[in-house]
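**Student:** Single-letter residue listing:
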Amino acid sequence: MKTMKSILAIAGLMLYLPLVLNPECPGNYGPVSPLSGSWNFTFSYGNGKVFANSVVQIGLNGSICGKIKVSDTGETFYVTGEAGYEYDSDFSGRFSDACGNLGYVTSEFKGTLSEMLGAGYGSGSFSFTQKNPGYKGTWQAKRN
Amino acid sequence: MKTRSALTILLLLILNCAVCSQQSKFRMGLLGGASVDKLLYSFDDESGFLDASFSGKFRPAFSIGIFAEYDHTKSLGLKLQANYTTKGGILEKTVKYDSRLRYIQFSLLPQYNIHISEIEYDDIFYLNAGGYTAFMVHGVELISYYNDETERIITSNIKGTDYGLMFGLGIIARRFILDASFSHGLTNILADPVHSDLLNIKNMSFFISIGIGGGL
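Those sequence lines, one after another, are chains A and B. Going by the working numbering, the final residue of the first sequence carries number 144, and the count climbs one at a time with no gaps. Going by the working numbering, the final residue of the second sequence carries number 216, and the count climbs one at a time with no gaps.
By construction, these hints were calculated from the structure, which means they are not laboratory data. Keep in mind that this is a model prediction, so the values were computed, not measured. No residue lacks a Cβ here, since even glycine has one placed at the ideal position from N, Cα and C. Mixed in with the good hints, there may be bad ones.
What the hints assert, rightly or not - Looking from chain A toward chain B, a few residues come up when the C-beta cut is under 8 angstroms (computed):
{"id": "1", "residue": "32"}
{"id": "2", "residue": "42"}
{"id": "3", "residue": "47"}
{"id": "4", "residue": "48"}
{"id": "5", "residue": "50"}
{"id": "6", "residue": "116"}
{"id": "7", "residue": "117"}
{"id": "8", "residue": "119"}
{"id": "9", "residue": "121"}
{"id": "10", "residue": "140"}
{"id": "11", "residue": "142"}
{"id": "12", "residue": "143"}
Take these sequences, add in the hints, and give me the full structure.
**Tutor:** This is the structure we're talking about:
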C-alpha cells in the first residue's frame, strides 16, 4: 500500500512539475493576434501628399494604437482601433488624444490589415475633419 | 562568288548537323533530395516610408523529381525536369510564421556537358541554366507563439503559378547522380490584387539531390 502511494505521488509530481516549471507548455497563453507587432503607417491626403508617417503598435490582443504627427502643422494625435485575432481584419477605429481613449466620435480610421506568409500589410482611409476640414485621405501600412 | 560562299556555308552547316545528330542522345533519371527555401519580401509605396526589402529564414524541405535530357551535341543538351517540391520559409516576428508552399515544378534547362570519362560516354559533369514554371498544389502557414500552434490553409491566397530562373550543376558517374541547383522566383506570389503594388513576395530555393539515371 505504501509503495502504491509512493508511485502515485511520484507519478503525480511527474505530471505536475513539467506543467509548473516549463513556461512554454501549451495552454499557458491565450490566443495571439497574428497581426501583432510594430507597424509603419503612412497617411496621405487625397492628392497623394503625405499627411503623417507613424509607427503604430498592434498588441498581442489585436489592439491598435499609435501616435501620429501631422507633417504640415505638427499637431499630434493618436489613432486607435481593434484588429482582433483575425488574419484579415476589417477594422474601424478613431482618432483620439491617448491610447485607451474612446476617441473622437466623428473621426474615422478604418481599413484592412492582413497577414500573409508572415508579412503584415494593409490599407484604408481616415478622416478627422472635426479638427480640420482637410484632414482626410488614405493610408497604407506594413509590419516592420 | 557570294552565292558560292553562301552555299558552301550552308553545306557545312548541314554536314555539321548530320554529325550532331549522330552524337545526339537521350538521358533520363530520378532525383530526390533536400532543399532549403526562403521568401524574399519587398514593400514599396509612393512616400518611401514603407520601402523595405528583407528576407525570412531558410526552412528545410524535400524535393523529388524526374528528368529527361536530349543531347543535341556531345557538349550541349536540353533538360526537362519535373519536381514535386516544397517552398516557403520562416519569418519570426512577435509570432513565428512557418510557410509551406507545395508545388509541381517544371524546368527547362539548356545544359553544357563535360565528359569526364573516355570509356563511359554517360559519365559527365554538367552546368545548366534556364527557367521554371511551378504550379502550386497546396499552401499552409503554421503560426506559433511559444508552443501554441495554429495551422492556416493559404492555397487560395497564393498565386497558382510561379515563374523563375534556375541554375544548376552536377555530376553523373556510373549512373549515380549528384545535383545541386538554385532557383529564384520572378513572380510576386501574393494573390492580393489590392496590395500587389505595395508588397512583393518571391520564392528562393537551394536544392541538393542525389539520383540515378543515364543514357538510354
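**Student:** Just to be careful: measuring from the Cβ of residue 32/A to every Cβ in chain B, is the smallest value less than 8 angstroms?
**Tutor:** Holds. Min distance 4 angstroms.
**Student:** Hey, does the residue 121/A contact hint survive, CB to chain B under 8 angstroms?
**Tutor:** 5 angstroms, holds
**Student:** So, as I understand it, the hint says residue 142/A touches chain B; can you test that by seeing if any CB pair is closer than 8 angstroms?
**Tutor:** 5 angstroms, holds
**Student:** Should the hint that residue 117/A touches chain B count as held when the rule is a Cβ pair under 8 angstroms?
**Tutor:** Hint on residue 117/A: holds, closest Cβ of chain B at ~5 angstroms, below 8 angstroms.
**Student:** Does the CB of residue 143/A sit less than 8 angstroms away from some CB of chain B?
**Tutor:** Hint on residue 143/A: holds, closest Cβ of chain B at ~7 angstroms, below 8 angstroms.
**Student:** Go through the hint on residue 48/A and say holds or violated, using the shortest Cβ distance to chain B against 8 angstroms.
**Tutor:** 6 angstroms, holds
**Student:** Was the hint right that residue 42/A lines chain B, CB cutoff 8 angstroms?
**Tutor:** Cβ of residue 42/A sits 4 angstroms from chain B, so the hint holds.
**Student:** Is the interface hint for residue 47/A satisfied, with its Cβ closer than 8 angstroms to some Cβ of chain B?
**Tutor:** 11 angstroms, violated
**Student:** Please check whether residue 119/A passes as an interface residue: C-beta within 8 angstroms of a C-beta belonging to chain B.
**Tutor:** 5 angstroms, holds
**Student:** Taking the least C-beta to C-beta distance, is residue 50/A closer than 8 angstroms to chain B?
**Tutor:** 5 angstroms, holds
**Student:** Measuring from the C-beta of residue 116/A to each C-beta in chain B, is the shortest one below 8 angstroms?
**Tutor:** 6 angstroms, holds
**Student:** Close enough to count: is the Cβ of residue 140/A nearer than 8 angstroms to one in chain B?
**Tutor:** 5 angstroms, holds
Taken one by one, the earlier hints fail for this structure only at number 3.
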